[in-house]
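S.K.: Each chain is listed here by its residues.
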Amino acid sequence: MDEHASASHDAYERRKMILGVRMTLIYSLIYTGFVVLSVFRPAFMGARAVFGLNLASAYGLGLIIIAVGFALVYNHWCRIPASGSSSE
Amino acid sequence: MAILVFVVFVLFVLAVSARQSRKARTVGGYFVANSSVHWGVNGIAFAGGYLSVASFLGICGLIAFYGYDGFLYSIGFLAGWIVALFVIAEPMKRMGTFTFSDALNKQYSRPGIQLAAGLSVLVVSLFYLVPQMVGAGVLVEPLLGIPHFWGVILVGGVVIILVASGGMTSTTYVQFFNGGLLLTFAAVLTVAVLIRGISPGDLPAEEGAEDLPSYRFSQVDADISGDRIVPDLPGAEVTGRHGITDRYTGREDLVFYRISHLIPAVPQGDGRFTAQLKGRRVVFDTAAHTEGWTVEEVDGSSYIRLEQWWRFDADNRDLVETQHTSELPSGTTLINGAPDTGDNRLRQMGSVSAIPDEYGESTGPVGPLRFLSVFSRDETVVQRPKQVSFTTDASADVTIHYQEAVAGSMFMRPGLMFPLEAGEGEPAFRTLLNRLNFISLMLALFLGTSALPHILIRYYTVPNAEAARKSTIVAISGIGLFYILTMFLGLGAVAAGALNPETDNMSAPLLARSFGEVLFAMISGIAFTTVLATVSGLIMAASGAVAHDLMANLAKRQFSDTAKVLTGRIVAVVVGLIGIVLGISFRDMNVSFLVGWAFAVAASANLPSLLCMLFWKRTTASGIIASILVGIIASVGLILLSPDMWQRYGFDPAAAPMPINQPGIVSIPLSFAVLFAVSLATGKNRRQREAD
Chain A
1321 MDEHASASHD
1331 AYERRKMILG
1341 VRMTLIYSLI
1351 YTGFVVLSVF
1361 RPAFMGARAV
1371 FGLNLASAYG
1381 LGLIIIAVGF
1391 ALVYNHWCRI
1401 PASGSSSE
Chain B
92 MAILVFVVFV
102 LFVLAVSARQ
112 SRKARTVGGY
122 FVANSSVHWG
132 VNGIAFAGGY
142 LSVASFLGIC
152 GLIAFYGYDG
162 FLYSIGFLAG
172 WIVALFVIAE
182 PMKRMGTFTF
192 SDALNKQYSR
202 PGIQLAAGLS
212 VLVVSLFYLV
222 PQMVGAGVLV
232 EPLLGIPHFW
242 GVILVGGVVI
252 ILVASGGMTS
262 TTYVQFFNGG
272 LLLTFAAVLT
282 VAVLIRGISP
292 GDLPAEEGAE
302 DLPSYRFSQV
312 DADISGDRIV
322 PDLPGAEVTG
332 RHGITDRYTG
342 REDLVFYRIS
352 HLIPAVPQGD
362 GRFTAQLKGR
372 RVVFDTAAHT
382 EGWTVEEVDG
392 SSYIRLEQWW
402 RFDADNRDLV
412 ETQHTSELPS
422 GTTLINGAPD
432 TGDNRLRQMG
442 SVSAIPDEYG
452 ESTGPVGPLR
462 FLSVFSRDET
472 VVQRPKQVSF
482 TTDASADVTI
492 HYQEAVAGSM
502 FMRPGLMFPL
512 EAGEGEPAFR
522 TLLNRLNFIS
532 LMLALFLGTS
542 ALPHILIRYY
552 TVPNAEAARK
562 STIVAISGIG
572 LFYILTMFLG
582 LGAVAAGALN
592 PETDNMSAPL
602 LARSFGEVLF
612 AMISGIAFTT
622 VLATVSGLIM
632 AASGAVAHDL
642 MANLAKRQFS
652 DTAKVLTGRI
662 VAVVVGLIGI
672 VLGISFRDMN
682 VSFLVGWAFA
692 VAASANLPSL
702 LCMLFWKRTT
712 ASGIIASILV
722 GIIASVGLIL
732 LSPDMWQRYG
742 FDPAAAPMPI
752 NQPGIVSIPL
762 SFAVLFAVSL
772 ATGKNRRQRE
782 AD
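Chains as they are written, first to last, in the working numbering: chain A, 1321 to 1408; chain B, 92 to 783.
No wet-lab data here; the hints were simulated from the structure. Some hints here could point you the wrong way.
As the list claims (entries may be wrong) - Below, simulated SDA-like cross-link-like pairs (lysine to any residue); rule was C-alpha separation at most 20 Å, straight line:
#1 B/Lys477 with B/Asp406
#2 B/Lys708 with A/Asp1330
#3 B/Lys477 with B/Pro510
#4 B/Lys708 with A/Glu1333
#5 B/Lys708 with A/Ala1331
#6 B/Lys369 with B/Val489
#7 B/Lys708 with A/Ala1367
#8 B/Lys197 with B/Gly774
Working from the sequences, and respecting the hints, build out all of it.
M.R.: As structure tokens, then:
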């Protein structure tokens, strides 16, 4: 691996890491929102939301589905090699 | 049939490990399966190792008994994988070769790091091992009809053979096999639950003599005048009363009456009588004992007079039947007031007693969203099992199992297990502590997953970082699907009236039994592989930690590969034996609850060093060592001082030095703080030395 490729490989790794950290932070916010609502507004969690589900069920199932969705998005992004470098 | 399936599974597992044992002779083969596992297989194996009995049986049981609060565990257990995927997976794989302490050590190469990390792997593995072994015994007992003790020994024995001979290769296969089975089976059972729908009218019919079919609790009118209460039962007489007073309001919320009454009996000669008790034929043998019951002759017919506890329903002003066991001072046990014979056992409980009018008698087959929405309605009434224990004036130990009616809209939102809303008259600091306890648990679940040793070692069984990432994604998808299904299994179990009042862990197997013996046999086999898969992963992690991290450092010399593998095998046997002993001695502990603690210890001990090593350049070796040690000591120490442990020691839980049960909210930030402080202090010294 020549110097240029190695440098861009490092850049690819770094970008991947930044993306991972950002997605983790976004997910943490959604998760925190869930915990805060459950703790301080449990009655609100019983309110009707979508598809006849209450907010608690919809948010809870949503957290699981979003996690899987995030994982797929991240994987898709990781597959696209950064310009001019091979992915591994 | 259950035994047959079980034996087939055991033989299959042993055959796999025998086949794989040839590959497990080298260090790479034994500890990391030559890093040649396909990412897809590894992903399913992740799921198979991660989904322990706590996820499979524990969560289903909690959902069946407490509704939505059980599902909170599912959410937390899954959300933790986000941290594992985005932050931990690839760097772990890039930096280490055998254990996670390799990865820590690579950057700093100080022997202390490997020592501390190895120690923490050992502690967390043991913490996690206890509930798995307890679960093994709890399961095998009713499924195979052998005592708890033998259940633990059986499972422990198979695991030891599996791990000691086949190492990581056979562990991987068993985890893969288990992951596939769990997902398939949960899906099949969910479809069956949805097709059955919710029918308040019918509970599954009684089958065979050995099972515990569900029971409809009858109500009787009572003539109440002032303090006197006369139930409408033959020859009834109130002989005792037990009231439960709310701690804060001082009101008596729950009242039970002990009522002596007559049930018709048929003389069988030799002083033996038979009577129908809660739909079951029970033998009363006067030659054995008549303690707690007597025979009476009224108008030429025989009757048994026995004493049963009934719950007073203040709204309808009538009495509702309960189930109960009494241990008399003489050592005699009575079940529902009658002798403890094979036929007279506690029956299954739980039901959905009302659904919205538009569905009529039954919903019929429903879609998954409709199923959840019917459960969440105000008009839906869920009867959930609850119990109280007390000692009577005559020093009999009584446990009453009764049903509490809960509106669907309450059942499907947080609050039944974690009392988050301020109760009437509850001091504000109590509410605050309840909330902190909940936040603490959710924090530990979120941060603990990626720091669990048996998860971390799976990153080393794949060839490269990309495969580590892909297998984590397979794991997230599989585990996410499984956790969504737990919701249907738990709710399905309560709707089917398939709850054993004595243990919530049996809800999923009993739900399966309500669909027939084939599914029941399958679930018992899968429950067994579930324990096996998790326990073998934990023992592998502990074995790697000792052979690879602790031994080489304590002896201060490099060992040959053969010696390492041999040590690994010996450690596997020793850890397995410790697990068997702990599993037997902690048999009364609640499985899911202990798992929450293991997550807290993992998150406190391992996660701060993992994160800081990756993202904070000024992290020093001393900082990492201090953080790991403080994390272990703080989390384990706070657990030992918690109200729950206080109760186990036999003290008043309210007097425990640590006011909440979940240590994460204190120990995780503390471990981070120590890492920052020590790193800054030692980093400065080093820079100064370098400048001099």
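S.K.: Decide, hint by hint, whether the structure agrees.
M.R.: Taking the hints in turn, this is what the structure says about them:
1. B/Lys477 with B/Asp406: holds (18 Å)
2. B/Lys708 with A/Asp1330: holds (17 Å)
3. B/Lys477 with B/Pro510: Holds: B/Lys477 and B/Pro510 sit about 15 Å apart, inside 20 Å.
4. B/Lys708 with A/Glu1333: holds (17 Å)
5. B/Lys708 with A/Ala1331: Satisfied, since the Cα-Cα distance of roughly 18 Å is no more than 20 Å.
6. B/Lys369 with B/Val489: Roughly 19 Å separates the two Cα atoms, so the pair holds.
7. B/Lys708 with A/Ala1367: violated (46 Å)
8. B/Lys197 with B/Gly774: Holds, at about 18 Å.
In summary, the structure is inconsistent with hint 7 from the numbered list given earlier, while agreeing with all the others.
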